[in-house]
Amino acid sequence: MPVMSYANAAKLAVAEAMRDDPTVWCVGEDLGRGGVFKQYTGLVEEFGPQRISDAPISEAAIMGAAFGAAMAGTRPIVEMRFADFALCATDELVNQIAKARFMFGGQSRAPMVIRKPMGMWRSSAAQHSQSLESWYTHIPGLVVCCPATPQDNYSMMKAAIACDDPVVYLEHKNIWSHEGEVDTTKSVDFGKAALRRSGRDVTLVSWSHTANLCAEAADTLASQGIEAEVLDLRSLWPWDKAAVFDSVRKTGRLLVAHEAVSVAGFGAEVVATVAQNIPMKTLPKRLGSPRGLIAYAPNLEDQMRVTAPMIATAAQDMMENEPA
Amino acid sequence: MSLPNFDQKAGLDRLRMMERIRAFEETACRAAIDEELVLGAIHLSIGQEAVATGIIENLRRDDYILSTHRGHGHTLAKGAQADAMMKELLGREGGCCGGKGGSMHIADFGVRMLGANGVVGANITIAAGAAHGIKLLGGDQIVVCFFGDGASNRGPFLEGVNWAGVFNLPILFVCEDNQYSASTLTSDMTSGSIADRARALGLRTTEADGNDVTTLAATAAEITARIRETGTPEFLMAKTYRISGHTYFDPATYRPEGEAERMQATTCPIARLREALAEAGVSTDELDGLAQEARAEMDRALDAAREAPWPADETAFADVQDIGSPLQEAF
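Chains V and C supply the protein sequences, listed in that same order.
Mapping of the first sequence onto the working numbering: position 116 corresponds to residue 116, and the numbering continues sequentially without gaps.
Mapping of the second sequence onto the working numbering: position 95 corresponds to residue 95, and the numbering continues sequentially without gaps.
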């Protein structure tokens, strides 16, 4: 099985889809030079500048024009460069793309993949670091996914391009170079969590890069005799309630961790949904960023980080401070 | 005085269309005011019928248009059925959007009318994209994007018009200048000229009297033929006047007293065309007949809409998305 980076896994998926379907095309700033994170390198040579299209710095037009082209019969992959910049195209995504099929009584579809590189990486400060996935889960009409591994970035990209719904596709910027085996025969359905580790004591639920941190925390916990089960949701709408319910029924403990601000984050949705349905041995917990802003200086930036040791400590606390 | 080569048949066709647009809107207004059958806002294009009529007559059925919140005229002119449109305004089953969109989201993809839009200016980038899609797919259709003068002050105007120029797309942008941004005089809130903005973005720009359907249609014929031939975007400023308020329940007291009445008397495109046709020898009876036919058609549309049932409750959950659909999981 080939080993490839998270960035190249998605690129392979895009290239394969473009070979299979001449209506698939990519549009965004700097794509002709490979894109800001090199996730498109080499594609313009194979597919030409019409299908790997540069764009003016016009996020609203990139999003809106791709939508128009989707209604005219193409399948655009929209590159927003940074999830933060996609906010310049919020009307186009939220008021137009997400609603068109419904408002027009089913006359239109918007088969689009909207790529939004997200999350903290290195000293990128408040406008290039955000995790806003929970916003999009709140918008009916959108599919939201947050792949954490090269395998999922291949398989989910394939699924996203094939999907007739608009898919908000949030790749984490800090893991472009992460390598892993990619089985190109493997498909992923939206709404199916990945079981990253089995365990009987506590369920850790996460997505995107924080799912990787949960797996790391589970290793630490195992060395202390705590068997954590790690579920990577992979897609947040739809999300795999059944897998989470099953796991929490078994462990009786739920900890949700994510990089986004804890307040009104998607962890709140997961905790509330589980709490309404599954009796637990301890109070459930969510772990996210404080409701503060991401700074440039590394020590300030770290104040907002959720780390693997923090996840391990939170899980330990849940094991130790069990109500009688 | 009639033009030397005044085409009487074309004139009658245009008058028929403009009378249908006006009758549709007047009927919808009556249904709203007298019977409370139209529940949401409707934005009327009374006084602006020539723009939709004169431009769209030059389009093929497979050409695309995108419209604004004031979109009934464009939709009818593109060939949508008044019945389905009236049902949509009443929110009934059989409406062109299944009662989910109403007036502001009226659309008929069957005649390639890709939607009115509740957000001013939002259709400009989408229209550029439809033209982009045509080009990618190697099609020979063109796109016409209608928007108002107020939309030229939104960002998507710059982004969308620039986009069409950069990618050299087969689209005609039509700024339907009715002079008002809701209750504000657009010229009070606009620096420079809108046509100059389009010229600065590199588009061939034409300024026309949007209330003279005969010359507007001829101008639009030249422009659309050129776009079809060259695939290059163009811009048309069509100056008109919104005789009605912003919405049907807006008394428009912000306008100088007598302005609307004066404009109606001097610029109404229907009155002007009737006059030209009368001078060309068409009888008043025949002209009145077109208006009566149009009113009768819209009365029938309203009767049918009044009798139509509400959409089935469960359709509130349909056509949102396939994956994670609220039909399967709404909570």
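Calculated directly from the structure, the hints in this document are not laboratory data.
Each residue gets a CB set at the ideal place from its N, CA and C atoms; glycine is no exception.
Please note that a few of the clues may not be correct.
Here are some, though not all, of the chain C residues that point toward chain V, as calculated from beta-carbon distances under 7 Å [unchecked claim]:
#1 L37
#2 G101
#3 T190
#4 A218
#5 D319
#6 D322
The hints, checked one at a time:
| no. | hint | in the structure |
| --- | --- | --- |
| 1 | L37 | violated (19 Å) |
| 2 | G101 | holds (5 Å) |
| 3 | T190 | violated (20 Å) |
| 4 | A218 | violated (29 Å) |
| 5 | D319 | holds (4 Å) |
| 6 | D322 | holds (6 Å) |
Consistency note: the structure conflicts with the earlier hints numbered 1, 3, 4.
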